[in-house]
Amino acid sequence: MKIKLNVNQKEKVFEVEPNEYLLDVLRRTHYTSVRRGCDNTGCGVCTVLLDNKPVPSCSLLAVKADGHEIITVEGIQEEADKLGRHFGDEGADQCGFCNPSMALTVYSLKLENPKATDEEINQYLVGNLCRCTGYVAQHDAIKKYLGDQS
Amino acid sequence: MNVNEYVVVDHVEKAYQLLNQDKKNQIIAGGAWLKLSVKEVNKLISLDHLSLNYIKEEKDFIEIGAMTSLRDLEMNSVVNDLDHGLLSLAISKIMGVTIRNLASIGGSIMGKFSFSDILPVLLVMDCKLYFHHRGEMNIEDFMNTRGLERDVLTHIKIKKQNRKSFFKRVAHTALDFSMINIAIVYDDSFMISVGSQPGMAMLCKETMSYLNETSEVTEEVIKEAVIIALNELNLSSNLRASQSYREVLVKTYLKRGIRQVIE
Numbered sequence: 001m002k003i004k005l006n007v008n009q010k011e012k013v014f015e016v017e018p019n020e021y022l023l024d025v026l027r028r029t030h031y032t033s034v035r036r037g038c039d040n041t042g043c044g045v046c047t048v049l050l051d052n053k054p055v056p057s058c059s060l061l062a063v064k065a066d067g068h069e070i071i072t073v074e075g076i077q078e079e080a081d082k083l084g085r086h087f088g089d090e091g092a093d094q095c096g097f098c099n100p101s102m103a104l105t106v107y108s109l110k111l112e113n114p115k116a117t118d119e120e121i122n123q124y125l126v127g128n129l130c131r132c133t134g135y136v137a138q139h140d141a142i143k144k145y146l147g148d149q150s
Numbered sequence: 001m002n003v004n005e006y007v008v009v010d011h012v013e014k015a016y017q018l019l020n021q022d023k024k025n026q027i028i029a030g031g032a033w034l035k036l037s038v039k040e041v042n043k044l045i046s047l048d049h050l051s052l053n054y055i056k057e058e059k060d061f062i063e064i065g066a067m068t069s070l071r072d073l074e075m076n077s078v079v080n081d082l083d084h085g086l087l088s089l090a091i092s093k094i095m096g097v098t099i100r101n102l103a104s105i106g107g108s109i110m111g112k113f114s115f116s117d118i119l120p121v122l123l124v125m126d127c128k129l130y131f132h133h134r135g136e137m138n139i140e141d142f143m144n145t146r147g148l149e150r151d152v153l154t155h156i157k158i159k160k161q162n163r164k165s166f167f168k169r170v171a172h173t174a175l176d177f178s179m180i181n182i183a184i185v186y187d188d189s190f191m192i193s194v195g196s197q198p199g200m201a202m203l204c205k206e207t208m209s210y211l212n213e214t215s216e217v218t219e220e221v222i223k224e225a226v227i228i229a230l231n232e233l234n235l236s237s238n239l240r241a242s243q244s245y246r247e248v249l250v251k252t253y254l255k256r257g258i259r260q261v262i263e
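Heads up: the sequence lines are chains F and W, in that order.
So the first sequence is residues 1 to 150, counted in the working numbering.
So the second sequence is residues 1 to 263, counted in the working numbering.
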């Protein structure tokens, strides 16, 4: 069946199966910044923004996204660059596998709660796993990124 | 998972008819737990276009549409005022923000998931469910009745109360399902429920009766209440925790919870 998605502000039509997850559709159409990790909502690397809200694309049927707006990290490139600079300064990334999903989640946090406290940052990022760095440097980088905005 | 057809309905009655046409037809709510529960579906019925995503405050209760996301509930100020934020607190402990953006209150109820952190809370909150065909139903009756998966839950109502409350879930990590969860509310009387036994959540009726008939809740009374609770619960072992560990958790957190709400 055909669905319409607005991906990174471009209207597109996708031919999908009714049991196909958004992650699979995005990856086979070359949105490979959306990563496949646990494939079961447990790691967060498949996160995309659905109408500006972060969701795990591995658990969202593509047909349910019909008519909605999807943003991958390419859609927030400027913000991702800003966050990336803070990640670099703080030594907050290593392999980079979780970075796109982390950037999208942090961007969503900024839209929702730009003055998030330490605890609120921690709570918001539950579900975004990073197996390289631990989370202290990332937390510091995110605080500085949010601080830049206010 | 195999799905032959995805159908978006424009009326609840249509969803009900389709659901009852074929045992392999199924409703999809948020879809967050679809991978856990569904194997073979003929028609997957979407309620997305039925305007069931809302939170409405009335004089004595709050009405919540079945398709309202857990995240919307968690962030809603009116919901936050119910029993000192009990429901919001329980929802905020469910995995991450991303999954709470997907999962809906209706799906969380209709799934009757044994690991649910929401069902034990709704059990103590004076919550009524509204089905398209069957009409109004108490949450506890729903938990004890089979066959309701062939009806369409449209909304729920929760009585506005602001009793003292306690909620605790214990899990290996934030992303794991609970190995036990406990909800308590207290005003003039106690309501206590325990979930993830690992079976479905249940009210601890004998424990509640004992506490409610006692003139003063002393440490001795709390100890006795815990013994009664352990006898009436159906705690057992699964991959997440052993029965004996669950018993220790119930002892610890039931005591702590009762002490907290009577303070």
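Heads up, some of the hints might be wrong.
[Stated by the list, open to error] Lysine-lysine pairs mimicking BS3-like chemistry, simulated, CA-CA at most 25 Å apart:
1. W:Lys128 x F:Lys2
2. F:Lys53 x W:Lys160
3. F:Lys110 x W:Lys93
4. F:Lys53 x F:Lys82
5. W:Lys56 x W:Lys35
6. W:Lys43 x F:Lys4
7. W:Lys43 x F:Lys143
8. F:Lys53 x W:Lys14
9. W:Lys251 x W:Lys93
10. W:Lys128 x W:Lys159
11. F:Lys2 x W:Lys35
12. W:Lys159 x F:Lys2
Derived by calculation from the structure, the hints in this document are not laboratory data.
Each hint tested on the structure:
no.	hint	result
1	W:Lys128 x F:Lys2	39 Å, violated
2	F:Lys53 x W:Lys160	29 Å, violated
3	F:Lys110 x W:Lys93	21 Å, holds
4	F:Lys53 x F:Lys82	20 Å, holds
5	W:Lys56 x W:Lys35	31 Å, violated
6	W:Lys43 x F:Lys4	21 Å, holds
7	W:Lys43 x F:Lys143	46 Å, violated
8	F:Lys53 x W:Lys14	30 Å, violated
9	W:Lys251 x W:Lys93	21 Å, holds
10	W:Lys128 x W:Lys159	9 Å, holds
11	F:Lys2 x W:Lys35	22 Å, holds
12	W:Lys159 x F:Lys2	43 Å, violated
Taken one by one, the earlier hints fail for this structure at numbers 1, 2, 5, 7, 8 and 12, listed in ascending order.
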